[in-house]
Amino acid sequence: MARKDSAAVAAAALKKSQSSNNSSNSTGSKNPLSKISNITSSINEVFSAINTTYADYFETLTPRLKLIDIFLVFLVALGILQFIHVLLIGSFPFNAFLGGFISCVGQFVLTVSLRLQVKETHKSDEKVNEEEDDDAEEDEEEIVDEELVIKSDEPKVSDKIFKVISPERSFGDFIFASLILHFIVIHFIN
Amino acid sequence: MSTAKASPLKVYGVNIETIRLLLKVIIFISIAGAAISSRLFSVIRFESIIHEFDPWFNFRATKYLVSHSFYEFLNWFDDRTWYPLGRVTGGTLYPGLMVTSGAIWHILREWFSLPVDIRNICVLLAPAFSGLTAISTYFLTKEMKDSNAGLLAAIFMGIAPGYISRSVAGSYDNEAIAITLLMATFYFWIKAMKIGSVFYGTLTALFYFYMVSAWGGYVFITNLIPLHVFVLLLMGRYTHRLYTAYSTWYALGTLASMQIPFVGFIPLRSNDHMAALGVFGLLQLVAFGDYVKSKVPTTQFKTFLAISLTSVILLGVAGLVGLTALGWIAPWGGRFYSLWDTNYAKIHIPIIASVSEHQPTAWPAFFFDTGMLIWLFPAGVYICFQEMRDEHVFIIIYSVLCSYFAGVMVRLMLTLTPIICVTGAISLSNLFDVYLNIVDVFTTKEEEVTEKSTKKNAKKSSEEKKILLPLITKLIVTLTFAFYLFYFVLHCTWVTNNAYSSPSVVLASRNPDGSQNIIDDYREAYYWLRMNTPEDSKVLAWWDYGYQIGGMADRTTLVDNNTWNNTHIATVGKAMSSPEDKAYEIFKKHDVDYVLVIFGGLIGFSGDDLNKFLWMVRISEGVWPDEIRERDFFTEKGEYKLDREASQTMKDSVMYKLSYYRFAELFGGRDAPDRVRNQQIPVDQAPELHVLEEAFTSENFMVRIYKVKDLDNVGRDLYEATKFENQISKPLKRSRVVKRPALALREW
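From first to last, the protein sequence lines are chains S and G.
154 is the number that numbering that gives the first Met the number 0 gives to position 155 of the first sequence; each next residue is one higher, with no gaps.
115 is the number that numbering that gives the first Met the number 0 gives to position 116 of the second sequence; each next residue is one higher, with no gaps.
The shape of chain S in the complex, shown without the other chains (with noise of 0.2 angstroms):
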């Protein structure tokens, strides 16, 4: 059933890449048989991808969220050590390493929402000053919103995902749930 559902992801996936590839006319010529036989090319054009975003990474990143990326690149690092730890030792106190590793996990998640909702207020600040730097997430929303339109009928014009969600707010909430978060997992290392 898991496949059966995934291959309905990638089909969808596909139809929407195609259909943006017909609205662009960019690359409308290339078809199926050419793609197999370049397989090398488009694991070239996947690395030229990773490049681009990871340039792109770069060049949109302040101060505050580089905080918030070396937080994230640590708590991963801390999970995967934990994770090491658990393959090489054995996992005996299994809810201290389940804490340990889940809190990682969530602290991850929580921090990447942050992360989301902090990037988002500073993107519609940005959006007032340089508007070079907004057009590729404008083309992004523009395609999502000419699918809701399509499904809904209904045009839904959301300048901003997260509408009510000021930064305050967003890092308030960020706290409460973090501190949930620890509370839960005191708890359960005891």
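Derived by calculation from the structure, the hints in this document are not laboratory data.
Take these hints with a grain of salt, some might be off.
Across the chosen pairs, the derived CB separations fall in these ranges [claimed, not checked]: (1) HIS181(S) / TRP362(G): 49 to 59 angstroms; (2) PHE46(S) / SER146(G): 48 to 58 angstroms; (3) ASN189(S) / ARG268(G): 17 to 27 angstroms; (4) ASN189(S) / ASN564(G): 23 to 33 angstroms.
Listing some non-contacts, in silico: residues in chain G with all C-beta distances to chain S over 12 angstroms [stated by the list, open to error]: (5) LEU20; (6) LYS62; (7) SER68; (8) PRO359; (9) THR360; (10) ALA364; (11) GLN678; (12) GLU687; (13) GLU724; (14) GLN726.
Where a beta carbon is used, it is the ideal one built from N, C-alpha and C, also for glycine.
Model the placement of chain G on the given structure of chain S, informed by the hints.
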């Protein structure tokens, strides 16, 4: 409803919103009042008593909680059930219900100085929570449509029989608070998903935790929310809001759910929970993919997506299969399979199939339990399809899944009812939005009047018709639905009154003159056990009565409604279905002192042990196929007969003997009619008991308790001993018969 809508029209110098708020509060109070009072039938008719079977265990556990400390409760090892084994009760129950009522008890006692009996709190907990359910349903529906629909949903939820069936006063079961929590969790989930708030995500997780602590049905939430997210992903509706809400909920909720001792590491180990984990992982990838997509031209992204997706899917499926094969992840549980394949339980796990709650639903039950809402339900789902915002997808998934589940298992009617109320309210409020809105009729009328005054009066009559026609249609539709609603309330009250307000511990019947006759055999017998047997005596009864014996008679039982050990239950079934000498071995091995059977043949109570007998046979056949065979208990024609034609195996079985022992004597030499099965029990083949002796039989023969005889102190076989005793007693009787004339002679 209509008052809330009409309020903007008449403002007496007060802000409309204030009036609206006031009206809402009043409506809420009256809804809660209606919800609570309609659940009190059983208390008024009988008394403040705990109902049925499972609630008796919850009640007993709550009493233990309030008399001991919380940690003692969590570490409670109960040696009074599952006799030789005992039960780690603290680790195998969902403590939410007991902790809730315990907390209420403490708060009332210490903060308000109201020393309320814990029994009354337990009895009234379910009605109180039904009021809260109505309010959380209001909020959920408000997220879907508006507060008008919310109010309708709240009143529907308050009085829908499908929910009342599990929440009348005295039905102190996990579901009583679980449905409230279910609705609250869903409300917070929708809220979190709508605005992408970490705060609401955390609240969802907290309520999810409460739900996990209260009911095993939390798995429903665990699968429904991921499914919702998954469907949204398939529809290409990924937003960062979704990521935030789901990730927060999953990370916190899973961690929190593992704090319940009974749940333990299940969320990481069982396949029931893997969907949530999978969607969590998928969402991380999608979020990352979304980020990459925003940075990279589409063509590159396409190949990137294709390659990463295939690799991730392959890895994921291989990992899942591998881990299951290695035994790290438990495969799906039996109840899960029985949801998909309705015959699964019948073939593999008779103990699940034997529970009447797990039977497929009969179709009238849908109408019976939800009244007219059942036909408003598809309309509401259709409206959701029309609007199709993210939260409507949730409603659609919920309704589709639950309609199926409710069709498979009767008890899951309970989870279907809330969604029926919500969708019913949505469709009805849509209808009312159109037809109750008289404002536009009058405004158009005024306009037309002004127009008319300038024009000639030639078309006056047709113009009037134009005004009149919509008014009449509106009036007709509104009145029709007002009638339906009125009838719905009547239906709900009637169903609650007649079907769901019986404690099933105390039965009620009508005398020929119409007065009520209360049959209180259960409590009579349990009280007898409590007062007349040694405190450590062990009672063997079918597992249905385990909790009641524990709760009311306070005696040790061999099996109870927890049914965690199939073999042990099969042992009891075997003892009941074997002949006396084999049963005696089992009795002695398990130190059984008393055997209790329920027999309804005299008063026509159909839920007695003889009707459950085939399940006992089947369950024990599953464990000992060589010794017990279901076929032997039928007549040659394959009928389940207990009269003259009954098979020898049946007549030899302990259950048959215990049920009909001395039954025929009631009818003075004629064949005894069994009023449940409409069969004549032959008087000349009245069963004789050798290893058991009758200890107690209740007023209406409903509960019969037998004492297991001790080994004979002269070392005889119990058969010989009984025969000998009968031989002694028979001459005695004869001599009495002889003596009587002498006495009479003396008088004469």
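Hint-by-hint comparison with the structure:
1. HIS181(S) / TRP362(G): 49 to 59 angstroms: holds (51 angstroms)
2. PHE46(S) / SER146(G): 48 to 58 angstroms: holds (54 angstroms)
3. ASN189(S) / ARG268(G): 17 to 27 angstroms: At 20 angstroms between Cβs, range holds.
4. ASN189(S) / ASN564(G): 23 to 33 angstroms: Distance hint for ASN189(S), ASN564(G) holds at roughly 30 angstroms.
5. LEU20: holds (22 angstroms)
6. LYS62: holds (27 angstroms)
7. SER68: holds (17 angstroms)
8. PRO359: holds (23 angstroms)
9. THR360: The assertion about THR360(G) holds, with a minimum of 25 angstroms to chain S.
10. ALA364: Answer for ALA364(G): holds, closest chain S Cβ roughly 29 angstroms.
11. GLN678: holds (49 angstroms)
12. GLU687: Non-interface label stands for GLU687(G): nearest chain S Cβ at 58 angstroms, farther than 12 angstroms.
13. GLU724: holds (61 angstroms)
14. GLN726: holds (67 angstroms)
When the structure is compared with the earlier hints, no violation turns up for any of them.
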